[in-house]
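Q: Spelled out, the chains give:
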Amino acid sequence: MEQSELKTSVRAAKHGSAQAFGRLYEHYAAELYRFALWYLHNASDAEDAVQEAILSAWRNIRALRKEEAFKAWLFQILANACKNQLQMKSSLRLVSLEENGASARIAYAPAFEDDAVGSLLGSLSPEDRAIVTMAVLGDFKSGEIASVLGMKSATVRSRLSRALHALREELESEAPALAAEEKEKKEEGALQ
Amino acid sequence: MSKKENADLGFMKEKAANAAAPELPESLRPQEIEALITGKKQKKHGRPLRAVVSVAVAACVLLTSVFVFRDLVYAPAVMRRNMNNAGTAIGYKEVGKLIGARRRVQNTVYFGGARKSADDSVAVEEAAGAVGDGAYSDSVTVADAQNSAAAVADHAETNVRTEGVLESDVIKTDGNYLYLLSGEGTELLIIDPKGAQREIARIDLSEGDHYRNCEEFYLLQNRLVILGSFYDAEAEKNRTSVQIYNITDPAAPVQTRHLLFDGYTVSSRVAGEKLMLVTCFYPMESRFSPTDYTTYVPSYNEEGKTACYTAEENLYLGASGTETGFVTVSLMNLSQTDAAPQSVSVFGSAGDIYCTGDALYVYDTVYPAGGVFFSKRNGSMDSGVKTGIQKYDVSGEVAVCTASGSVDGTVLNTFALDEADGYLRVAAGNWNENRVYVLDGDLKQVGVSDVLVEGENIRSVRFMGNYAYVVTFMQTDPLFVVDLSDSTAPKITGEVKLPGFSSYLHPAGEGMLLGLGYGGTETGLDGSTKLSLFDVSDPTAPKETDSLVFPDKDLNQNYKAFVTLPDGSFLIPYLAYEERRIDADEKAAPETEPASEPVTEEALTEAPASLPLAEAPEAGTAAEPDAEPASAVTAASTNAPVTEAPDPADPAPDDAEAATAVSESAAVTAPPDDFYAEEPIVDEYVWVGRPGVLHVKAENGRLVLLADLSGGTFENRWPEVRASFIGDAAFAVSNDWDSIVVERFALGSGEKESTATYKTKTAENGFIACYD
Numbered sequence: 006m007e008q009s010e011l012k013t014s015v016r017a018a019k020h021g022s023a024q025a026f027g028r029l030y031e032h033y034a035a036e037l038y039r040f041a042l043w044y045l046h047n048a049s050d051a052e053d054a055v056q057e058a059i060l061s062a063w064r065n066i067r068a069l070r071k072e073e074a075f076k077a078w079l080f081q082i083l084a085n086a087c088k089n090q091l092q093m094k095s096s097l098r099l100v101s102l103e104e105n106g107a108s109a110r111i112a113y114a115p116a117f118e119d120d121a122v123g124s125l126l127g128s129l130s131p132e133d134r135a136i137v138t139m140a141v142l143g144d145f146k147s148g149e150i151a152s153v154l155g156m157k158s159a160t161v162r163s164r165l166s167r168a169l170h171a172l173r174e175e176l177e178s179e180a181p182a183l184a185a186e187e188k189e190k191k192e193e194g195a196l197q
Numbered sequence: 056m057s058k059k060e061n062a063d064l065g066f067m068k069e070k071a072a073n074a075a076a077p078e079l080p081e082s083l084r085p086q087e088i089e090a091l092i093t094g095k096k097q098k099k100h101g102r103p104l105r106a107v108v109s110v111a112v113a114a115c116v117l118l119t120s121v122f123v124f125r126d127l128v129y130a131p132a133v134m135r136r137n138m139n140n141a142g143t144a145i146g147y148k149e150v151g152k153l154i155g156a157r158r159r160v161q162n163t164v165y166f167g168g169a170r171k172s173a174d175d176s177v178a179v180e181e182a183a184g185a186v187g188d189g190a191y192s193d194s195v196t197v198a199d200a201q202n203s204a205a206a207v208a209d210h211a212e213t214n215v216r217t218e219g220v221l222e223s224d225v226i227k228t229d230g231n232y233l234y235l236l237s238g239e240g241t242e243l244l245i246i247d248p249k250g251a252q253r254e255i256a257r258i259d260l261s262e263g264d265h266y267r268n269c270e271e272f273y274l275l276q277n278r279l280v281i282l283g284s285f286y287d288a289e290a291e292k293n294r295t296s297v298q299i300y301n302i303t304d305p306a307a308p309v310q311t312r313h314l315l316f317d318g319y320t321v322s323s324r325v326a327g328e329k330l331m332l333v334t335c336f337y338p339m340e341s342r343f344s345p346t347d348y349t350t351y352v353p354s355y356n357e358e359g360k361t362a363c364y365t366a367e368e369n370l371y372l373g374a375s376g377t378e379t380g381f382v383t384v385s386l387m388n389l390s391q392t393d394a395a396p397q398s399v400s401v402f403g404s405a406g407d408i409y410c411t412g413d414a415l416y417v418y419d420t421v422y423p424a425g426g427v428f429f430s431k432r433n434g435s436m437d438s439g440v441k442t443g444i445q446k447y448d449v450s451g452e453v454a455v456c457t458a459s460g461s462v463d464g465t466v467l468n469t470f471a472l473d474e475a476d477g478y479l480r481v482a483a484g485n486w487n488e489n490r491v492y493v494l495d496g497d498l499k500q501v502g503v504s505d506v507l508v509e510g511e512n513i514r515s516v517r518f519m520g521n522y523a524y525v526v527t528f529m530q531t532d533p534l535f536v537v538d539l540s541d542s543t544a545p546k547i548t549g550e551v552k553l554p555g556f557s558s559y560l561h562p563a564g565e566g567m568l569l570g571l572g573y574g575g576t577e578t579g580l581d582g583s584t585k586l587s588l589f590d591v592s593d594p595t596a597p598k599e600t601d602s603l604v605f606p607d608k609d610l611n612q613n614y615k616a617f618v619t620l621p622d623g624s625f626l627i628p629y630l631a632y633e634e635r636r637i638d639a640d641e642k643a644a645p646e647t648e649p650a651s652e653p654v655t656e657e658a659l660t661e662a663p664a665s666l667p668l669a670e671a672p673e674a675g676t677a678a679e680p681d682a683e684p685a686s687a688v689t690a691a692s693t694n695a696p697v698t699e700a701p702d703p704a705d706p707a708p709d710d711a712e713a714a715t716a717v718s719e720s721a722a723v724t725a726p727p728d729d730f731y732a733e734e735p736i737v738d739e740y741v742w743v744g745r746p747g748v749l750h751v752k753a754e755n756g757r758l759v760l761l762a763d764l765s766g767g768t769f770e771n772r773w774p775e776v777r778a779s780f781i782g783d784a785a786f787a788v789s790n791d792w793d794s795i796v797v798e799r800f801a802l803g804s805g806e807k808e809s810t811a812t813y814k815t816k817t818a819e820n821g822f823i824a825c826y827d
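Residue numbers (our numbering), protein chains in the order written: chain X, 6 to 197; chain L, 56 to 827.
Just so you know, these hints were derived from the structure itself, not from any lab.
One or more hints might be untrue.
Calculated lysine to aspartate or glutamate pairs in the EDC-like style (CA-CA distance at most 20 Å, straight line) [stated by the list, open to error]:
| no. | chain 1 | residue 1 | chain 2 | residue 2 |
| --- | --- | --- | --- | --- |
| 1 | L | 615 | L | 775 |
| 2 | L | 249 | L | 304 |
| 3 | L | 59 | X | 120 |
| 4 | X | 157 | L | 289 |
| 5 | L | 546 | L | 476 |
| 6 | L | 59 | X | 175 |
| 7 | X | 88 | X | 36 |
| 8 | L | 360 | L | 287 |
| 9 | L | 70 | X | 144 |
| 10 | L | 68 | X | 72 |
| 11 | L | 68 | X | 132 |
| 12 | L | 59 | X | 133 |
| 13 | X | 71 | L | 775 |
| 14 | X | 88 | L | 775 |
| 15 | L | 68 | X | 144 |
| 16 | L | 499 | L | 541 |
| 17 | L | 59 | X | 36 |
| 18 | L | 68 | X | 133 |
Pulled a few chain X residues facing chain L out of the computed Cβ check, cut under 10 Å [what the hints assert, rightly or not]:
| no. | residue |
| --- | --- |
| 19 | 16 |
| 20 | 21 |
| 21 | 27 |
| 22 | 38 |
| 23 | 43 |
| 24 | 65 |
| 25 | 68 |
| 26 | 88 |
| 27 | 92 |
| 28 | 121 |
| 29 | 123 |
| 30 | 128 |
| 31 | 130 |
| 32 | 142 |
| 33 | 154 |
| 34 | 178 |
From the three backbone atoms N, C-alpha and C, an ideal C-beta is built for every residue, glycine too.
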């Protein structure tokens with residue numbers, strides 16, 4: 006979709022065209038879903054969050070003033086939806102999310118096929134995951150992340166830089182490790 | 056964030072971009088989502104109540120909604136109390152019911168394509184015969200006062216649509232000082248541009264977390280009226296802030312009023328002492344309760360007072376039968392310190408406005424039902440799109456909607472509408488066809504021109520006397536002349552085709568028009584900007600008599616940036632840019648950009664060595680020694696009590712954080728900055744921007760470039776450049792997100808006299824980009 010068409014679609018959606026809104030959604034669907042997957046690290050929660058965000062965006066698109074800001078606006082709504090999803094979960098299950106996060110990596114592995122960063126995020130705390138997701142996928146600035154999560158922006162900055170660094174180290178060290186693991190598995194299989 | 060951290064972020068983004076897109080679960084496939092929003096399908100994992108709604112119940116809702124919907128469009132007679140062209144006046148309760156019902160309609164059938172009439176304004180428009188009571192006759196005669204002031208003004212005035220009707224801007228001058236709004240709307244600076252360019256005062260508009268995103272301001276006699284637009288997350292609504300400062304003593308501005316209006320700012324004007332503010336407000340669904348009018352009726356409130364909601368007698372149904380939001384026209388007397396704004400709210404939406412002083416036109420694009428058809432060729436809409444226009448009489452204390460109408464196609468901007476002799480002339484169109492329409496006082500069409508051209512979009516319009524000049528563009532730029540002397544039969548009298556197109560047309564003396572726009576060849580644009588001089592004295596044969604093309608200069612195309620000097624010459628600001636290769640040595644050298652020093656120093660003018668604006672070597676030699684920016688620092692320092700007043704006195708919590716962040720990063724010798732403030736320089740090139748101002752005169756059919764006022768350079772920055780003048784001094788003002796650079800030139804010689812840089816606060820908080 007070209008920039009001009011995007012803008013026109015936003016305009017039309019603001020004036021009630023579901024067709025135009027659908028087209029916009031189609032354009033961003035994969036990005037939105039990945040954002041939610043990263044953030045929540047759970048495929049079914051991500052599905053919920055995207056649905057919730059899309060409905061909310063559709064109902065409130067009249068309040069969007071700058072058409073060119075549609076994407077950022079959409080992701081802010083999604084970030085809020087993800088946050089709510091996480092809060093709802095934690096209040097329902099009374100399970101430590103730290104633990105849950107760690108297990109999520111295994112439980113929802115299929116969603117992260119071919120997505121090394123996404124699957125690695127499971128090793129982070131939910132907050133750090135949220136921060137990294139917003140910065141990397143949503144192009145959020147530290148101040149914006151801070152205001153979604155109710156943190157200080159200095160805290161966001163330091164946590165982000167720590168998390169990014171850790172992720173990068175792991176990614177760079179994991180690549181050979183993974184290869185070795187797979188090789189081992191193959192050998193095992195061969196032996197059996 | 057340091058370079059290394061930035062690199063980590065970049066690395067991660069690249070990884071993410073390279074990963075395969077996740078496969079969407081069935082419920083998130085586009086067609087499913089479209090069904091979801093059109094109400095054809097319920098949310099899969101929704102709240103339990105919603106999920107169990109059966110098909111039968113859904114069908115019932117659907118039918119009821121259709122019924123309600125019909126009632127809404129053709130306003131029921133019981134509601135009809137005070138018919139005028141704004142539709143029916145309606146009470147709070149009815150409004151609540153209406154919004155509730157309309158929302159239900161929207162969420163079920165409306166967006167699914169059941170909306171019948173493309174232009175539902177027609178029904179109400181036709182029904183609305185009577186004109187408003189028009190009790191206000193004490194018209195504001197602003198033109199005289201302002202015209203005479205403009206005639207003798209020895210300083211820049213904001214270029215406006217209608218002479219005598221003031222418009223807000225980011226830069227103003229009163230002949231003594233320059234008033235500058237920072238790039239992110241966080242601060243307003245008052246600068247004495249003489250000598251060392253001392254900072255006189257600085258108004259902090261960021262207010263900690265409650266960031267107002269100030270956009271533009273008015274400078275009236277001893278008052279500043281600053282307008283901002285922001286999303287109030289707490290109240291879940293868009294808001295417009297109006298702050299008034301008394302600047303009788305410019306060194307000590309005092310806030311006298313601070314009002315908050317519901318809705319985002321559409322536009323505003325000031326005529327005489329009257330502020331006209333147009334806002335657009337949509338109640339958030341999560342807050343809406345049909346039984347509580349405070350959740351849906353637009354209001355304003357003044358700091359420390361209770362909110363005032365638009366009075367019931369000033370609420371109107373409007374022309375549209377489906378709107379759930381309001382356009383509010385508020386009038387406020389600025390000369391009285393306690394005058395309450397008078398608001399009128401009409402169901403509808405607003406794109407922009409055109410104001411003659413006594414009449415205010417609010418227009419917006421009206422889209423047809425069932426979406427718009429996209430032309431494959433250029434992505435524009437082709438058919439069924441209209442522009443709805445509402446006319447308000449704003450000569451009294453309360454705005455009165457007196458007429459409502461529409462034309463086919465979209466309207467480019469405020470220059471595309473023009474009122475003369477009781478008629479409104481409108482240039483409108485779409486990619487298929489463009490025309491000039493003539494509407495009478497009731498906004499009923501009385502005449503229309505032939506199609507100007509097919510397959511082109513309107514790029515600029517100017518009305519002068521009985522003629523309309525319309526520029527369209529596809530590959531070349533035809534300038535059409537339309538004769539409007541017979542309102543019922545406008546006719547195209549002539550045209551001239553040129554490469555490129557003009558995006559703004561300015562009168563340049565008898566029978567002449569100056570076009571500011573883009574250059575090109577026979578096959579399209581070539582990336583250059585261009586000034587054209589048109590001789591339109593013969594309406595049958597307009598011709599371009601001269602032009603100046605600038606291959607590497609980006610002339611500012613904003614009409615407000617266009618400055619007229621008393622002698623009839625013009626100042627046009629630009630940003631020139633080029634790619635520059637950086638040597639390996641230079642790359643290895645330490646960064647010139649310094650770590651931000653403690654907050655107290657931010658208020659001071661800084662030395663050029665520490666600036667983003669590096670002095671060009673030749674300019675340095677030309678500058679007078681005592682006008683060197685270094686002396687600006689001294690001057691500002693000696694005036695420390697004045698300049699530091701706003702900032703250090705009340706450092707916002709975020710500043711404190713920023714300061715901490717600074718000291719932390721400073722310890723590891725990495726320059727502190729926002730995530731995206733610095734792009735990691737991976738290649739060996741930088742963009743070098745050079746702000747400047749063209750001094751141009753149109754004389755005897757020629758365009759004379761009197762001077763090209765330019766000095767400093769920026770690296771990898773794209774500030775907005777604006778021009779101004781006071782007496783014989785011209786200014787190039789480069790406004791970036793974290794600093795303002797003011798360069799002073801002598802108008803006669805074109806020599807650069809001084810430069811000063813003012814660091815400004817950046818907006819860390821708030822959803823600036825999205826909700827403002």
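Q: Would you pick out the hints that fail for this structure and give their numbers low to high?
A: 3, 10, 14, 17, 26, 27, 30, 31, 33 and 34
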